[in-house]
Amino acid sequence: MIELVEDMLDISRMESKRFIVEKKNISTQEIVNDATESVKTLSDLKGHTISLKIPEELPKIVGDRKRVKDLLTNLLTNAIKYTPNGGKITVSAKDEGENMHFIVADTGIGISKKEKTKIFEKF
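Read in order, the letters of the sequence shown are residues 0 to 122 in numbering that gives the first Met the number 0.
Keep in mind that the hints were calculated from the coordinates and are not lab data.
Treat the hints with care, as some may be off.
FRET-style restraints, in silico, Cβ to Cβ [what the hints assert, rightly or not]:
no., residue 1, residue 2, range
1, Glu55, Phe119, 31 to 41 Å
2, Lys87, Lys23, 14 to 24 Å
3, Leu57, Ser37, 38 to 48 Å
4, Asp63, Lys121, 13 to 23 Å
5, Ile19, Asn84, 16 to 26 Å
6, Ile19, Thr48, 14 to 24 Å
7, Lys113, Lys80, 31 to 41 Å
8, Glu36, Glu56, 32 to 42 Å
9, Lys87, Ile19, 33 to 43 Å
10, Asp33, Glu97, 19 to 29 Å
11, Lys59, Ile19, 35 to 45 Å
12, Thr89, Thr40, 12 to 22 Å
13, Lys113, Asp33, 28 to 38 Å
C-beta: ideal position from N, C-alpha, C; glycine also.
Construct the complete structure from the given sequences, taking the supplied hints into account.
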């Protein structure tokens, strides 16, 4: 519940242009490990296997450490929630020049085409 309230406050700050982003160099390996560790208990309860495919040579990214970790943790939590017990979750990252792509893939039910169109709609 606290996380939901914090998310709502963040949205309010973004809309009012009072959202503060603390840009720092972040190790891609470390941020993925931190996010994965934060969901380990939940993952273990469901018997999931989480595999990390993060190349060592990936550069650091510049961003807000808390926000990036929150984003990855949210993706992992959703993967855990919608993957049947004993499923597999894979986290990977890919350097795309000025962007870093984080991918969380799982053996869960996926998102229907209809729902995919709503992913970025405001609730």
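Check each numbered hint from earlier against the structure, then list the numbers of those it violates in ascending order.
Violated hints (numbers, rising): 2, 3, 5, 6, 7, 8 and 11; every other hint is consistent with the structure.
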